[in-house]
Amino acid sequence: MKPQPKAPSGGVLLLAVLLALAAPTSIESRSASGLERAFDSFRLPNSTVPTHYSLYLDTDIHAGIFDYTGNVQIRINILEATSQIVLHSKRNVITQLHLRNSAGLEVPVKGFEFDEEKEFLVINIGTVLQPGSGSYTLDIDFTNSIDRSDQSGFYVSSYQDDQGVTRYLGLTQFESVDARTSFPCYDEPGIKTTYDIQIVCGIDYHARSNAPMLGIQLLPDGKKLSTFATTPRMQTYLVAWLVSDFVYEREVLKDPQLAVTSWAEPSAANRLSYSVDASTRFIRAMEEYFGEKYTMNKIDNVAIKSSDYAAGAMENWGLVTYADNTILFDPASQGENQQVQVVTIVGHEYTHQFFGNLLAPKWWSYLWLNEGFARLYQYYVGSISHPELNLRERFVSGPQQNAFTSDGSPTIRPMTYYTETRSGISGLFDRIAYDKSASVLRMFSYALGEQVFQKGLRYYIQQNKASGVVQDTDLFASLEQAAKEEAVLPVTLSMFDIFGSWSNQAGVPEVHVRREGNEFFFTQKRSYTAPQEDPLGSSWWIPISYTTSSNNLYETRPAFWMPPGTSEVSHTIPLAEGELVQFNPLSTGYYKVIYEPALLDEMIEQLNKDHRVIKPPARARLIDDTLKAAFRDGDNYETVFKLMNYLRQETDYVPWAIVSQNHKQLQALLRHEQQARWLLDTFMAQLAHPLLERHGLEPRKGESATTTELRLMAIEMACSASEACKDKARASVAENQVPRNPTEVAIRCIGIQRQADLQQRQQLSTKLARMLPELQDTFSRLYANQLLTCSGDEELVLQTLVSKLPTMSEADRAESLHQAILNSGISVKKVIQQIDSELRQRKIQVNQSALARTLEDIAGYVTGESEAKLLMSIASQLGVSSSAMEDMEQQLQANHRWVLRNVGPLTVALSEVVVV
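In this text, residue positions in the sequence shown follow the UniProt record's numbering: the first is 1, and each later residue adds one.
Mixed in with the good hints, there may be bad ones.
Said to hold, decoys possible - Calculated pairs, DSSO-like style, for lysine-lysine (alpha carbon to alpha carbon, straight line, at most 30 Å): (1) 664 to 465; (2) 455 to 465; (3) 465 to 254; (4) 455 to 484.
What the hints assert, rightly or not - Computed beta-carbon distance windows for the label pairs: (5) 166 to 731: 37 to 47 Å; (6) 550 to 451: 22 to 32 Å; (7) 557 to 255: 29 to 39 Å; (8) 814 to 40: 52 to 62 Å; (9) 255 to 567: 55 to 65 Å; (10) 799 to 878: 14 to 24 Å; (11) 64 to 218: 13 to 23 Å; (12) 740 to 911: 37 to 47 Å; (13) 166 to 217: 21 to 31 Å; (14) 105 to 218: 33 to 43 Å.
No wet-lab data here; the hints were simulated from the structure.
Positions of the beta carbon are idealized from the N, C-alpha and C atoms, including for glycine.
Using the sequences and the hints, build the whole thing.
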């Protein structure tokens with residue numbers, strides 16, 4: 001007999017059980033076609049609200065059985081008179097359903113129905129439920145299965161133990177709308193309540209959930225029941241559990257007590273320590289920075305095989321899940337670059353424990369209130385907890401650059417954006433929610449001053465942690481309170497107006513600057529990646545900052561706020577003869593700066609004279625802003641290359657990271673233009689050769705992550721200009737072992753692509769394909785896959801790469817596509833067709849959000865009409881959201897127009913600067 005799930009408390013327990021046993025075993029169920037009423041919205045009706053869940057699950061994952069049974073008891077209050085209770089359910093097979101009043105007495109239920117389009121479970125009551133009539137308990141028995149391949153909901157993963165035996169585990173991924181696919185619930189982000197969870201599993205397995213464990217009860221048949229404490233009030237997408245035989249490493253902090261634990265498959269036991277240490281350091285730094293203590297006394301990190309985890313990471317309250325290659329660290333073979341990965345991913349998910357978990361958005365429109373803060377503070381609190389990693393400097397070349405790249409599309413959405421459907425909500429998890437929002441928040445942190453901004457966020461947390469949040473009355477009001485108290489805004493300005501100009505309209509501004517003596521004139525307009533009219537006449541409140549050699553007072557704080565809706569504003573800056581002025585000098589503002597030709601010539605002259613006078617973020621933005629303007633207009637490449645000439649002396653990470661990203665984008669757009677591509681690669685090799693000479697070909701023990709990445713960029717760009725690099729690449733082709741680090745992967749790939757003959761490539765790819773299933777080490781699998789991707793064996797690459805693309809991290813997917821399409825010459829058309837074949841013939845499912853991001857990445861390589869039509873057709877057939885479809889279509893059109901506009905002038909300009 002299975003243990004009874006939790007029932008209503010107090011003396012009504014026995015009565016409730018007896019009534020349940022006496023009730024009919026089934027209630028009439030109807031599909032959507034028989035609904036008694038039609039619903040005109042994907043939002044739940046506001047007639048009932050849950051106040052507590054008791055959830056019981058009985059699993060047999062330890063035995064390789066994927067079906068499970070469950071019971072959920074939902075205590076609800078009535079807000080409006082109703083004869084229906086409407087909640088969410090999908091995939092659940094309901095076997096019994098009861099409704100009881102606060103006395104535990106049965107309330108008549110006529111039956112239940114499913115609205116399959118809206119994923120509603122509609123329960124028809126035999127009476128009218130009235131507000132104020134006390135609470136009711138909805139009691140539902142159901143069955144379900146974890147045997148699903150979309151990597152959402154409650155699903156199965158596996159690994160092979162050291163005996164080669166497959167071991168299974170079950171985990172959850174509910175964000176955004178997949179809690180409903182695992183148990184019936186009110187699955188909306190603005191609905192917060194508490195949960196009591198019980199899970200049955202094999203005696204040799206563990207069950208973990210959001211809250212700490214209260215106790216374990218042994219059961220017959222080699223099973224046990226784990227009971228967990230009541231959770232904080234939270235939304236359904238944060239509910240989580242894990243059923244596995246994973247091993248763990250734990251550290252218990254004091255004052256207050258907090259157990260931080262990392263879990264992984266047994267073979268990874270020796271790679272958990274760094275994640276525990278990173279977690280403890282980050283969470284204490286976060287608590288101090290925001291003036292708030294973490295809610296519970298435990299938090300778990302769980303490493304999931306990356307090929308089984310499309311989400312990348314998920315901030316479930318108290319039980320955070322990650323792709324294993326983002327959180328594991330082997331001190332014997334990995335360096336600081338992997339430590340950066342661990343700290344930033346842990347930092348992102350831990351920041352969510354406040355922004356997203358404690359402070360929940362009332363609807364998905366405000367997703368950026370979760371993701372923007374998490375993206376920003378993974379770097380900024382991470383720089384406090386781990387100052388040795390220099391994380392703040394990475395923001396400009398990471399999130400901010402990603403945001404600029406996306407925000408130039410004419411169809412891009414604003415930060416705050418309303419949608420209701422499953423696909424529409426999935427589409428909100430994009431670079432706008434993460435990277436643009438983080439960049440805008442960072443801008444205001446500098447514009448108000450970090451201490452004032454921090455004070456405002458502390459108000460925001462304290463005033464809203466018990467409720468759902470929206471932008472205006474919650475975040476903006478808290479920042480306004482702090483800004484007014486500290487008098488950091490002009491008295492005529494309001495945070496509601498200033499911040500609203502950024503969150504409520506799409507796009508990024510570019511500020512054009514011209515000079516007349518010491519008077520500088522500024523105009524603003526929306527920046528597009530291609531020539532485009534702006535029908536909305538977009539404009540923003542822009543904090544204009546600058547620095548000179550004699551005055552750095554306004555280096556990060558605004559000298560003035562440039563108002564929207566004004567054609568031109570002026571500002572006087574006293575300058576000595578020949579003194580240089582830099583605008584937005586640390587790239588703290590989320591805007592581009594376009595200098596008039598005379599001012600740009602002064603900047604170029606200074607760069608070639610002594611580039612260090614201009615700060616690294618400003619050098620990076622100057623290159624990117626000037627180059628992107630040339631991309632858009634199809635001219636001025638002579639000036640761009642004159643500007644880039646100084647890179648022969650550049651040693652800083654941030655400018656090179658921006659240059660490398662632009663180089664790869666140009667390679668993608670020029671992949672059918674052989675002469676232009678050769679000239680481009682030759683020019684970049686000449687610029688990057690001094691960097692390669694500086695860092696060499698071998699990693700050095702204890703070197704920084706930025707040094708490692710600079711070496712990788714230099715090898716990728718300049719190996720063809722170095723005899724030593726070419727020799728090493730040639731020799732590496734004959735090596736048999738899997739590469740041990742990214743540098744070895746990069747050099748071996750170059751050797752394979754440029755030195756190996758067809759027979760060598762085929763032998764290598766066959767060997768790698770045979771080896772891959774036997775590799776248990778996470779990073780060995782990653783490096784072997786990367787090596788296979790650049791092998792040039794089209795059939796094997798397509799078979800092994802394409803099915804993994806949607807499950808890869810953004811960085812890994814970008815690198816894999818670059819190697820396969822550009823360096824190995826795999827046809828984009830075949831990549832698209834293989835994705836279609838994988839999803840159709842093998843009938844596999846993937847996370848829709850991950851699929852959309854994958855197809856958008858592929859769109860960056862498409863310049864031809866036939867490939868564009870094929871991609872859009874397959875995207876439509878695979879159910880990609882309309883917003884993602886619009887963005888892809890714009891990207892494809894922009895690519896085509898870019899080639900027509902730029903190839904000619906770019907080729908001419910490169911011909912003049914390349915030294916052959």
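Verification of the hints:
A distance of roughly 43 Å separates the Cα atoms of residue 664 and residue 465; the hinted pair therefore is violated under the 30 Å criterion. For the hint linking residue 455 to residue 465, the alpha-carbon distance of about 15 Å falls within 30 Å, and the restraint holds. Proximity of residue 465 to residue 254 is assessed by CA-CA distance (about 24 Å); at most 30 Å being required, the pair is judged to hold. Simply put, residue 455 and residue 484 have alpha-carbon atoms about 11 Å apart, close enough for the 30 Å limit, and the pair holds.
For the pair residue 166 and residue 731, the supplied restraint of 37 to 47 Å holds, since their beta-carbon distance comes to about 38 Å. Under the hint 22 to 32 Å, the C-beta atoms of residue 550 and residue 451, about 26 Å apart, fit the expected range. Evaluation of the 29 to 39 Å hint for residue 557 and residue 255 yields a pass: the beta carbon distance comes to about 36 Å. Taking 52 to 62 Å as the suggested C-beta distance range, the pair residue 814 and residue 40 does not conform, at roughly 41 Å.
With their beta carbons about 58 Å apart, residue 255 and residue 567 fall inside the hinted range of 55 to 65 Å. Taking the beta carbon of each, residue 799 and residue 878 are about 19 Å apart, inside 14 to 24 Å as hinted. Our hint of 13 to 23 Å for residue 64 and residue 218 holds, since their Cβ atoms are close to 22 Å apart. The hinted range of 37 to 47 Å is satisfied by residue 740 and residue 911, whose Cβ atoms lie roughly 41 Å apart.
For residue 166 and residue 217, the hinted distance range of 21 to 31 Å is satisfied, since their beta carbons lie about 29 Å from each other. Taking the beta carbon of each, residue 105 and residue 218 are about 35 Å apart, inside 33 to 43 Å as hinted.
Of the hints listed earlier, those the structure fails to meet are numbers 1 and 8, in rising order.
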